[in-house]
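Q: One-letter residues, chain by chain:
There are 2 protein chains.
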Amino acid sequence: MRVAIVTFDGFNELDSFVALALLNRVPGWRAGICGPGEALTSMNGVRVDVQQKIEFASEADIVLIGSGVRTREVVSDAKLMARLRLDPARQIIGAQCSGALVLARLGLLKDVPVCTDVTSKPWVVATGAQVIEAPFHATNSVATAGGCMAAQYLSAWAIGRGAGEEAARAVIDYVAPVGEKAQTVARVMGVVGPFLAVDGERASTSLSPNGSY
Amino acid sequence: MRVAIVTFDGFNELDSFVALALLNRVPGWRAGICGPGEALTSMNGVRVDVQQKIEFASEADIVLIGSGVRTREVVSDAKLMARLRLDPARQIIGAQCSGALVLARLGLLKDVPVCTDVTSKPWVVATGAQVIEAPFHATNSVATAGGCMAAQYLSAWAIGRGAGEEAARAVIDYVAPVGEKAQTVARVMGVVGPFLAVDGERASTSLSPNGSY
Numbered sequence: 001m002r003v004a005i006v007t008f009d010g011f012n013e014l015d016s017f018v019a020l021a022l023l024n025r026v027p028g029w030r031a032g033i034c035g036p037g038e039a040l041t042s043m044n045g046v047r048v049d050v051q052q053k054i055e056f057a058s059e060a061d062i063v064l065i066g067s068g069v070r071t072r073e074v075v076s077d078a079k080l081m082a083r084l085r086l087d088p089a090r091q092i093i094g095a096q097c098s099g100a101l102v103l104a105r106l107g108l109l110k111d112v113p114v115c116t117d118v119t120s121k122p123w124v125v126a127t128g129a130q131v132i133e134a135p136f137h138a139t140n141s142v143a144t145a146g147g148c149m150a151a152q153y154l155s156a157w158a159i160g161r162g163a164g165e166e167a168a169r170a171v172i173d174y175v176a177p178v179g180e181k182a183q184t185v186a187r188v189m190g191v192v193g194p195f196l197a198v199d200g201e202r203a204s205t206s207l208s209p210n211g212s213y
Numbered sequence: 001m002r003v004a005i006v007t008f009d010g011f012n013e014l015d016s017f018v019a020l021a022l023l024n025r026v027p028g029w030r031a032g033i034c035g036p037g038e039a040l041t042s043m044n045g046v047r048v049d050v051q052q053k054i055e056f057a058s059e060a061d062i063v064l065i066g067s068g069v070r071t072r073e074v075v076s077d078a079k080l081m082a083r084l085r086l087d088p089a090r091q092i093i094g095a096q097c098s099g100a101l102v103l104a105r106l107g108l109l110k111d112v113p114v115c116t117d118v119t120s121k122p123w124v125v126a127t128g129a130q131v132i133e134a135p136f137h138a139t140n141s142v143a144t145a146g147g148c149m150a151a152q153y154l155s156a157w158a159i160g161r162g163a164g165e166e167a168a169r170a171v172i173d174y175v176a177p178v179g180e181k182a183q184t185v186a187r188v189m190g191v192v193g194p195f196l197a198v199d200g201e202r203a204s205t206s207l208s209p210n211g212s213y
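Going down the list, the sequences are from chains R and F.
Per my numbering, the very first residue in the first sequence carries number 1; after that it's consecutive.
Per my numbering, the very first residue in the second sequence carries number 1; after that it's consecutive.
Derived by calculation from the structure, the hints in this document are not laboratory data.
Please note: incorrect hints may appear among the correct ones.
Given that identical chains are not distinguished, each listed pair holds provided it fits within a single copy or across any two copies.
DSSO-like mimics (lysine-lysine), calculated; alpha carbons at most 30 Å apart, straight line [what the hints assert, rightly or not]: (1) K121 <-> K181; (2) K181 <-> K110; (3) K181 <-> K79.
All chains, full assembly: derive it from the sequences and hints.
A: Here's what the structure looks like:
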């Protein structure tokens, strides 16, 4: 699987790098920083080289859009947005925090519950999206997560969708704190597991959040 | 507070960037990637510019050493190790996973419990360190964490030591997943809180891990 971690200038390091590190743990997967230009500078001044051009997102099997302090400028750049063509029928797509603004701009969040962070919420609401008070939600092959550390949920879901629930459990188990492996896997899979059932739709609200998932 | 996120080639993105992102959330703090050379390449091929020379670690108020796939080579490089001078009497010092090998090499882990990840454990044990099955431990101003996602514990502890427990709570609250703020703060502070008491030493084993901390 080829994974594009779509990243823009002013990016939040947590979102892009948690996703990149976790998805690269899946055998055979290759996740890289995908963005405009040759290099990007994070919200805290870290300069990183772009590994894939922004156009790569159209070809990737999985596309995860990180957040940052300049996402409103990004989505108002029509020329840049035109370079980003996504297809939920063919791709697994996710966005973190303000990354939801990008998916909204691309018309991918119509009539579905959307997660984002407190700071981005007013802007996401302004796009007409239905923002919910939850860390993670997916509708079929499009997911959103809210709050930096929810990056682990978005990542676990993408792995689960692309490589199966056992692969997601294995990666979370690997990166979980020592001595907290089982409870971390239970917590993460409790959040994302229901969205891995039957074609990615929430199977039932009666599922225990920390149950068999 | 000036914070050095000590990073080497082959670094684990989770360790360095979780710490960098969290510590930069503290008003007035400045955390940057500190390492040898002009640029570093992560274990997954991400090239980042170094923000501070490795010698900056000697001047920084807080020094957090990330892990990576080449830490054994790093610690066997006497010339490189000689450039890294740390002082626990003056600095808040921490290491993540294989970063414990660096602290051991500098003689900072003598006769104290040490945390590291499963992969690094045999190498850390070989230095003579007492490795424990826990995600986090601190003795006075030197701490170690094991398992990538334990980076949040190391970061919360460093913030708590340098800016107080309330600052640590505020940062964890900010980055926690939406809808899980209170339980995330309770979990993280439950782990690191006991190490923030009375000069950083564990106050008492009778403290509830999810209690008033």
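Q: Work down the list of hints and note, for each, if the structure agrees.
A: Hint check:
| no. | hint | verdict |
| --- | --- | --- |
| 1 | K121 <-> K181 | between (32 Å within a copy, 16 Å between copies) |
| 2 | K181 <-> K110 | between (37 Å within a copy, 27 Å between copies) |
| 3 | K181 <-> K79 | neither (45 Å within a copy, 37 Å between copies) |
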